[in-house]
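Asks: Chains as they are written, first to last, in this note's numbering: chain G, 1 to 139; chain E, 1001 to 1499; chain X, 2001 to 2277; chain F, 3001 to 3102; chain H, 4001 to 4081; chain W, 5001 to 5189; chain B, 6001 to 6110; chain A, 7001 to 7494.
Treat the hints loosely; a few may be bogus.
To give an idea of the chain H side of the interface with chain X (calculated C-beta under 10 Å), a few residues [as the list claims (entries may be wrong)]:
(1) ILE4015
(2) ILE4018
(3) THR4055
(4) VAL4063
(5) LEU4067
(6) ALA4070
(7) ASP4081
Computed beta-carbon distance windows for the label pairs [to be verified]:
(8) GLU1155/E - LYS4080/H: 24 to 30 Å
(9) TYR1412/E - LEU7299/A: 39 to 45 Å
(10) PHE5088/W - LYS4080/H: 41 to 47 Å
Worth flagging that the hints you see were computed from the coordinates, not collected in a lab. Every residue, glycine too, gets a C-beta built ideally from N, C-alpha and C.
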Amino acid sequence: MSEFIDFFVGKYNYWAFILLMMIGLYAMIAKKNLAKKIIGMNIFQTAIILFYISTAAKGGGASIPIIAHGHGHGLSEHGARAADYINPLPHVLMLTAIVVSVATLGVALTLAVKVYHQYGTLEEDEIADRIRAQTGGEP
Amino acid sequence: MSPHLPALPVVVPLLSALLITILGWSNRRLPFPIALVALTAGLLSALGLMKDVLARGVIGYNMGGWDPPWGIAYRVDHLNALVLVVVMAAALIGLIATRDRVKAEFEDRIVPFYTLFVLFVTGLSGILLTGDAFNLYVLLEIASLTGYALIGLGEGRAPLAGLNYILMGTIGASFYLLGVGYLYLMTGTLNMVDLAARLPGLYDSHVVALAFFICLTGLFVKMAFFPVHVWLPNAYSNASSAAGILIAPLTTKVMIYVMIRITLTVFTPDYAFDVLDIGDAVVWLSVIAIVMGSVFALAQNRLKRILSYIVVAEVGYMVGGFWLGNRAGITGSILHIVNDAAMTLCVFLAAGALLTRVPGDRLIHLQGLFRKMPVSMAALVVGGLSIIGAPPTCGFFSKWYLISGGIDAGHYGFVAALLFSSLVNVALFFRVFEIAYYEPFGADHGHDPRAHGASGREDAPAAMLAPLVVVAVLLVALGLYSGDLVSAIIQHAIPARII
Amino acid sequence: MKLVALASALLCGTILLFGTAEFPDFGDPDSPAASHVSPRYIEEAMAETSAPNIVTAVLADYRGFDTLFETAVVFSAAMACFFLLRIFGEDERRPSEKLYRHLPTGITLRIDPGGKVPDSPEFERIDGIWIPHDVIVKTTTRLIIPFIQLFGLYVIAHGHHSPGGGFQGGVILGASVILYAISQNLRQALGRMGEAVSAVFCAAGVFIYAGAGALCLLMGANFLDYSGLAPLFGVDAIQARSLGILVVEIGVGLAVMSAMVWIYYNLASMGRHQEGL
Amino acid sequence: MHLFFLFAAVFLALLIILSLYRAVIGPTVLDRMIGVNAVGSKTTALLILIGLLYHRVDMFVDIALAYAMLNFIAVLAASRYFQKRKGLFDEIERTPKEGDAS
Amino acid sequence: MSGQLDMIILLFVIISGIGAITVRDLLGAAILFGAYSFLMCLLWAIMGAVDVAFTEASVGAGVSTVLFVAAVFRTTRRTKD
Amino acid sequence: MVEQAKVSPQNRSFHQGAPTGPDARLQKSPASYILTFVILFGIWLLLSGRFDLLHLGLGLASCLLVTIFSADLLLPAPNTPRLPGLWFRFIKYIPWLLYQVLVANIHVMYLVFHPRMMDLIDPSIMEFDSRLKSDMSRVTLANSITLTPGTITVHISIYGHITFHVIDIESGKTLPWIMEARIADVFEE
Amino acid sequence: MINLIAAMFILLGLVFFTGGAVGIIRMPDFYSRLHPAGKLDTMGLLMSMIGIALYSVQGFSLGEVLTGLKIILIVVFVFITSPTATHAIVDAGVRAGLEPWTQQRRGEES
Amino acid sequence: MESIVSLKPLAAVLVSILVVPLIIRSGNRPNLREGWTFAAAGIKFLIVASMVPAVLGGAKLELTIAQVLPGAAIAFRVDAFGLLFALVSSSLWIVTSAYSIGYMRGLDEHSQTRYFCFFALSLSATIGAAFSANLLTLYLFYEMLSFATYPLVTHHQDMEARSSGRKYLFYIVGSSIGLALPAMVYIYTVSGTLDFAAQGVMPASVPPAVLTALVLMLLFGFAKAGVMPFHSWLPAAMVAPTPVSALLHAVAVVKVGAFCVFRVLTGVMGADLLTGAGLGTLVCYIAAFTIIVSSLIALSQDGLKRRLAFSTIGQLSYIVLGAALLTPDGLTGGMLHIAMHAFGKITLFFCAGAIFVATGVKNISDMTGIGKRMPITMTAFFIGSLSVIGLPPCGGFISKWFLVMGTLEARQYAMLVVILTSSLLNAAYFLPIVYRAFFCTEEESKFDNRMGEAPLWCLVPLKLTAFISIILFLYPKPFLDLARLAVVQILGGP
């Protein structure tokens, strides 16, 4: 039992990321409302960002990846030790990923607005009904 | 050649896309020439790269002057040089051919259209050249975002299709990103070559296997592999014809390239084909993809939808061929990337040409088109024959290698699926041809010999026909030179250990 | 559908859970991720780029190529919104009445097409009668916007030393314009920062970035290798890298600001640019 | 002192749950807005506290400052909604209307 | 770093995420989505990713929520799920 | 409650209050530019904390940009000679306000934690006519009212008619009027 | 000493925050909820920020003073924006036609 | 045996492709258009004929177009057998062109430009198939032929033509892609080459079961050979205009099928291998079954062209049978039958077309007494019938003779019986037509005695082919020489 608890506690961030990802995925598939799908999409992306940031974490009193001047750890400018700072690379990657997710959100919302303009609803099943009404049942 | 050649296919289009916005905002006539120049330059540099690669082997290029594991490095070898040339050429031809369509369909959005399209090509060429797993994701998103936009602006269901494309595409890209993350977690690097060097010690790790599966799943979504193909038919068939012509030949092919690249370069064939041993399962999946794609195509009654489902089936060809894991199969897969790009370009271009003169692409609209638009229809026939796999068009030869690979691997299900799909394609295309062939007769039952001349002829504008004819000829030429293509380039793109 | 979704989400989750067992522990300082590539960044970034913020150094220099395309993503998103939504010439085809509010009284005047437009500072053109004249919000935002903008610029300029950089600063700048558009109205925001301006700025921002890279090419260095710019700046290679990062951040900020504003314009007015949120 | 800050931060974090409760449960949208706004202000304080925990307050101040400046944009935007569409519930329960796209 | 804080915020993030996709009102969803992004920002800050936190703060507070509200404004609040 | 544009003109004079709408068309005096620049640069120095040439130069450039872009927002029409006095009085006003806010906060705290809270509170909407004229002073008043717990400004009409919501009668009984007087002092109205 | 004062301030701030959070839960309607939500939180922020600023200027180096000032700047901004936000929300509520809760209504309901 | 690199085979193939644009350009002027056709036909025949001396001298003309696969190029190689077939096809194209003019103009058909275009294309494909150096090239031209003849089959564009066209495609393309292509790829995979060689290219290690499967796949895969049960496209394809039926469905197309089977059995599999595995006999029995059954079906057909079609199916199986006998005489007989049957059957088709043009009659039951109205036509019909039945003084006799000798040589006595039986059946379904045409009472006759022959353009060709049928009996030397030489080349003997 305690092993399990260790296992859980040691990796809880990863568990949370999986949970968030499942939420996002579920929303994207199950929800019929397009805006909800878009929210799900964003949650999904955030989950992955969470995963990356978790990989960056470093225990043992590591600091944020900005090299301190003089104070704090008392380091000279060129003497930064790798163990003292959190791994910056995933942060860099995730900055990019956040930007991408915002951009995607913008375009997705744009298209949702267009869809609404066209069909007067954001519900997928109602849209399907309208399309069927317009085209007479053809795909 | 210049040592900076690998940067050019990406940098030149990117800068041009920006120039299109900046300059085109005031002068509406500029976007097309700038795009033309950009893509021509891209094609030329791609050809130059090809030449360099043939002469010197793999070329590396360090962005920002940082050495690979730390900075981002480009890595050009036979495989991506070949696909790059194909992509650039297809984009250039598409660009020239769609000029009038774009003017007609996007009269007040020429600037954003060309900006987005050139950015799209930038993204694709970046995907092809990059040697960094994360950089690939960013470029993938560039290509996807612009693709969503280009597809989203069309008639009818296009916005909805575009939205679905975004959702699916984001799932795919995110899965890929997650897979890269898993790899990074286990190895601490993002550079493909470095990854390949550090992975062998981790072959029995479940995380690496998981990373591979996740990447693969994501790419399957992006390339519209069968169970997750649902975005593609709607997206391609509802897009405006110009956007369809420009996007359809490129996206899925590049995604398949990414799959090949990830499998061969990052995970190495040892891991993918021997350690994991999932080849058989994927090939069976692709069998299902091919069969279902073909069957769905049969059920459609619109030309572009038929073509879209054929694209789904063709993705099955390439994935299955690659996962056969032998030289013939992979050769076929790579060759089919080249051929399918040309084929898809040809048929979508022909469909676009038809749409300039007929009101819609329902099959009923195509009646009598052989007489009305002989050149376009002839090109459609050539493209159709190529998709069917009739010699000497190029489609035959890639199919030949694929079947040969299937026989080599003893995977007769795949062979059967290929043949089945070819037969279905025959049925599909000849249904189209038949309808186009059976013209509605006039009162004289068409018996006046003079009426059979040029009088009823009303083909697409020459600006569109010329590229179309070029592509159609290219289909045959690619077929005739496929032997050289394989022996000079593709053979070098496959690792030596694959037999 | 719900069941399918639940099943696929659970399946996905289970498969991923299965993988976590072999992960290095959370926060393990000896995990491969922490011990292979990143130590070099932490230990050398300051010496090689003279930027204490390692994230900025990696973002804009070591992996500057990523960031270039990140900016291009934003640009293409803005372009995509414009492409998809913008409706041109609505006004010309269906000239609608113009609405003016007489500020001292709050009376709204409706000027029919062809009517005379009052020419007095007491009249304010408004987008729709539903937009209230909310003094509190208007005044407060008016006061705070310059500071937000200054802060945005500060964030861009100090990306080397503190968190932030081009993107964050750009978003803050963009948010200030969006705030203006929300608190006043879209037409005034457009008056301050027109569509053409945002479009051209957006492209120009990316162009600054890519152009800096291309300039390096022209100087004989690799693409985005800012040390090649040293002769232009007249400093040594490391300083040149630092300055290069600054230039690039400015480009990113410009692009992101305009992109955000532009997306907002199109999304909030559905491409008509008549009335906003 | 470090421990004190940690406890303060944890306490503050636990307080968020109360605001979040309002945000998730809140009968009307406006209640949600209140809840989220409260979450926002607590977040600002928490950011600074985290800075203290890291001994790098100077780095976290900027974030908090950005927060303080931008936090109310969303609220303003949401409140705009009610200035045009007056109903708080009517649209939610309304049956779909053809081509409602003003 | 501070695991307790981390866990609490993670829990909130999940709660607000679930809230955002279950609430039967798109404006409410948009607002909860804003809360989600606030909490995410906190999470990044706790994990030491200052730049990411900064980005999330500026984007979540300044842009993405506004865009979402704008989209809801231009479409509808109605949702069946 | 909701302001509609049509207000009968007979109960208000047309020219009450200066036309101070935040509008791009407002006149831009050099003084306002300079003042804005100085204020902004002060803030910059506070924010930056770096005094090397590069950052100072960047600061100058940034402040210049912001000044050009939005000087008319911060100080639309400054009455320059009056400003120092106004600011001084305003700074004097703040501690008082803070004190009031603190007192009111404690009151609300008491309400919140009181077990029989529901009996103690008695929300209602009150209104009064303010004699303040400029936008700035009215906004200060409105925000001060809002800041003070127990009272929230619901609406302030263009004639200075202030509607506010109180949580119990005591909160709103006297404070707003005192505040109004003080703010009137600050803005010399 | 300064630590102690700072801690006191922070504790005070936490108390206000608690009041705000509890108030949001307990208050009967939207309008009355705004009172604790908008104001108590602002006050809590003010208090805790003062505490933190005090704590962080211990060294009296330029950087630390500036940091402290920046923290105060946060409070200033919150003092400007928070009432505005509160006002915007209440304005929205009024426009949405939300009836305020009063003791009379309570009597009618019970 | 020497090999000469020569452009002639390519020229022979290309000449009719190159004429297509010219035909289209002059679509408004029928005379010029058909002039182009004639010119192409003449040139093609001359080119083909000019190769005869060299080939008879034992040389092979070769040309490689493109090395498309390692070990398999698109290449031409003219050997005796191919030349024989090309000679027949190209010579008959000239005749058919003339006949086409008469037929098409006589019926005032629509879309004649298209008709001539695809006719030319089909001929290109036929010649290409004849000159193919390997299975890949053969397959290429085989498919090209399939697609090029589709518009001809569906020329009438009515519902019947449409369904026939579908059937045609389904059988021809379906079998070639579904059966022949995988078999080819398999052969390529195991042997690394697809070239035709004297004793085949298959390695001996291939297990007999696989070998059987391959042979069957290729036999049925080249469905143009009309081996049952892949035969029913042929009667369906008779909806095409008669010149099409005449040249393509009696000569070019179907013979390409038979030619392919011939090539596969002899050039790819190799006589020794097949004999060793006993596969020759298997194919013999399949062919024999087809011969008998198709003849029986032909007896019951009333439509003249349908009867001819079933006759064709049977006759094609003679060729297959000849190939399957795998003896020198049998092979010679099979090859000769390509030529002999071609001249005979085309005559019959010409006659059927002429009857249709002149009277509009399609069914045999309506032709009672037609001999009195169209004596020339019916005489030619009689000669053609004799040739097909295999009676002297017509060319058919010679090929049947060799076949019979082949059965004896191979000791396949059952096949001897089959051949003789089927000859009787042939006679049974042809001669009554002639009989009823000439010998009937006045009351039975449905035509008056007035002469009413078809137009001259129709008449001359059928006279010519009938005449050649007789000539071939008297002077079979060119074809015989070629066939003998081909047998030597195929069997790799001295």
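Asks: The structure should be examined with respect to each hint, and the outcome stated for every one.
Replies: Against the structure, the hints:
1. ILE4015: violated, 17 Å
2. ILE4018: This hint is violated: ILE4018/H lies away from chain X, its Cβ roughly 12 Å from the closest one there, beyond 10 Å.
3. THR4055: The hint holds - THR4055/H has a Cβ within 10 Å of chain X, the shortest such distance being about 5 Å.
4. VAL4063: Hint on VAL4063/H: holds, closest Cβ of chain X at ~5 Å, below 10 Å.
5. LEU4067: holds, 6 Å
6. ALA4070: holds, 4 Å
7. ASP4081: holds, 9 Å
8. GLU1155/E - LYS4080/H: 24 to 30 Å: Taking Cβ atoms as reference, GLU1155/E and LYS4080/H lie about 28 Å apart, which means the hint holds.
9. TYR1412/E - LEU7299/A: 39 to 45 Å: Because 42 Å falls inside the window, the suggested range holds.
10. PHE5088/W - LYS4080/H: 41 to 47 Å: Since PHE5088/W and LYS4080/H have Cβ atoms about 59 Å apart, the given range 41 to 47 Å is violated.
Checked against the numbered hints given earlier, the structure breaks hints 1, 2, 10 and satisfies all the rest.
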